[in-house]
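> Using the sequences and the accompanying hints, generate a full structural model.
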Amino acid sequence: MTDATTAPRHWRRPPLFIRSRTTRIVVYGGALLYLVLALASIEVNWARVAEGMDRGSRFVEGFLVPDFTSRWRDIQLGLVESLTMTLCATVVGIAISVPIGIGAARNVAPLPVYWLCRAIITVSRAFQEIVIAILFVAMVGFGPLAGFLTLSFATIGFIAKLLAEDIEDIDEAQAEAVRATGASWWQQINYGIQPQVMPRLIGLSLYRLDINFRESAVIGIVGAGGIGGTLNTAMQRYDYDTAGAIIILIIAVVMATEYASSFVRKWVQ
Amino acid sequence: MPAATKDGAPFWRKRTSAAEWAGWLAWFALAVLFVLCFHVMTQNTIWAFAWDAPQQGADLIARAFPPRWSYVEHLWGPLWDTINIATLGTLLGTLIAVPVAFLAARNTTPSALILRPLALLIIVASRSINSLIWALVLVVIFGPGLLAGILAIALRSIGFVGKLLYEAIEEIDESQVEAVRATGAGGAQVLDYAIVPQILPAFAGITVFRWDINIRESTILGLVGAGGIGLQLQSSLNTLAWSQVSVIFALILVTVVVSEWVSSKVRHAII
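So the sequence lines, in the order shown, correspond to chains Y and A. The opening position of the first sequence corresponds to residue 48 in the numbering used here, with each subsequent residue numbered one higher. The opening position of the second sequence corresponds to residue 6 in the numbering used here, with each subsequent residue numbered one higher.
Do not take every clue at face value.
Think about it this way: if two alpha-carbon atoms lie no more than 25 Å apart in a straight line, the pair counts; the simulated DMTMM-like pairs of lysine to aspartate or glutamate are [unchecked claim]: (1) A:Lys270 x Y:Glu215; (2) Y:Lys313 x A:Glu265; (3) Y:Lys313 x Y:Asp218; (4) A:Lys168 x Y:Asp218; (5) Y:Lys313 x Y:Asp216; (6) Y:Lys313 x A:Glu176; (7) Y:Lys313 x A:Glu175; (8) Y:Lys313 x A:Glu172; (9) A:Lys270 x Y:Glu212; (10) A:Lys270 x Y:Asp213; (11) Y:Lys313 x Y:Asp257.
Read the hints as simulated data drawn from the structure, not as lab findings.
As structure tokens, this is what we get:
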């Protein structure tokens, strides 16, 4: 504080993000320049868009008046594939993730195991589901088996990473107490660690079930089975009534699983 | 702790018998459901193809290596497009998400009866549809290209940014709002001086985080024709040019890692 005569009479709000004036100008200027360049690189064929508006309105119509009946068999098949592959992949994925998650926790695993498990997690997280699906479809052929393998693989990275973080965050005193009784490594995991992370693991599993269904609705686009394939076919046939019905079904199932899983999570925790 | 007695002497058990039975029953039900689902799922599977997978995989790797690195010069343009799709899509999505979040937050919504459920519906609908499905729909309407990709990313981002932002708004410190209001500030001034400064770090963090996710998602939008590097991926896959596919995968991986690094740096700087 300076003395009263030279103190500023008006309060000026400090800048929100970057304190230094020059850096601020450079950053904002750079952002503006990027924006101009990026917007300039979009080429829009307005004639095509005008043409598409007609299709768009037909799509909205199809969405508002969905047609569940005429292709119900296809829709049903896709939905059953999506649901079965979601459940199977979540179960298998979690069964594989648990040992990997324990191995990736620094406080319970020896260093070489830790690095190996961390490597597995990184590989699983590096690519999104659709890319993995492309590879599995090339390996085992079209169909829900490829989708099942994809989702199982993707589940590992998610569950194992979060489980490992939970194990690293546990209350060490409890694990210590179990260790003090002369418990073996398995007993330490079972009595010192498992009770602490179990509610979180169940919560994460249900959350992953959610995610897996959402993803199962997409990987069908590259041929890995499920409702996404049915949707893709419907779109290619310009069959917007059916496409609308499928999208409504996807939203309904996603909302139902989300609601159910939040309910179960509350019940468990 | 629930205890049981055996031969008159109490001993420690983790759960009561009823709870134990319920637990085992739940596990058994899950196992049955799993077997059933697996059976239904693999009804039409041709196992000959599935058992063949290791050979197919080895074959794939043999064809993918060595990657045709010279192909990378055809990818700079699509990569630039991909980054633009992600960035402009995030920008557009955020622009729409901010008012939606203010309408959805319990403490800032003008009408809890009509506007709040409407805003929540927008958020849920946007979140339940994957950006690839948005892209599938938008390509039909706007034709293949960047515009469909940007809009797909934007539509998907509304739900994510909107949800996290409205939760941040609901968690603000109300006493600051009250203090600013006590000086006689109007609604807009309360927003500007009491609410916005409190949520700004969270907002910036959420946006950058979403941008990072969007970079990932925009790399594959081209599979359905919505522009970016996915288009090259699609055409390479169609011609079974696996040595080009491996180059594209490598480039996607580098881009994703860089964007993740940028996003975590920025988030650390802000929060």
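> Now tell me if each hint is right for this structure.
Hints and how they fare:
no.	hint	verdict
1	A:Lys270 x Y:Glu215	holds, 23 Å
2	Y:Lys313 x A:Glu265	violated, 32 Å
3	Y:Lys313 x Y:Asp218	holds, 22 Å
4	A:Lys168 x Y:Asp218	violated, 31 Å
5	Y:Lys313 x Y:Asp216	holds, 21 Å
6	Y:Lys313 x A:Glu176	holds, 21 Å
7	Y:Lys313 x A:Glu175	holds, 21 Å
8	Y:Lys313 x A:Glu172	holds, 19 Å
9	A:Lys270 x Y:Glu212	holds, 20 Å
10	A:Lys270 x Y:Asp213	holds, 23 Å
11	Y:Lys313 x Y:Asp257	holds, 16 Å
The structure does not agree with the numbered hints 2 and 4 stated previously, though it agrees with the rest.
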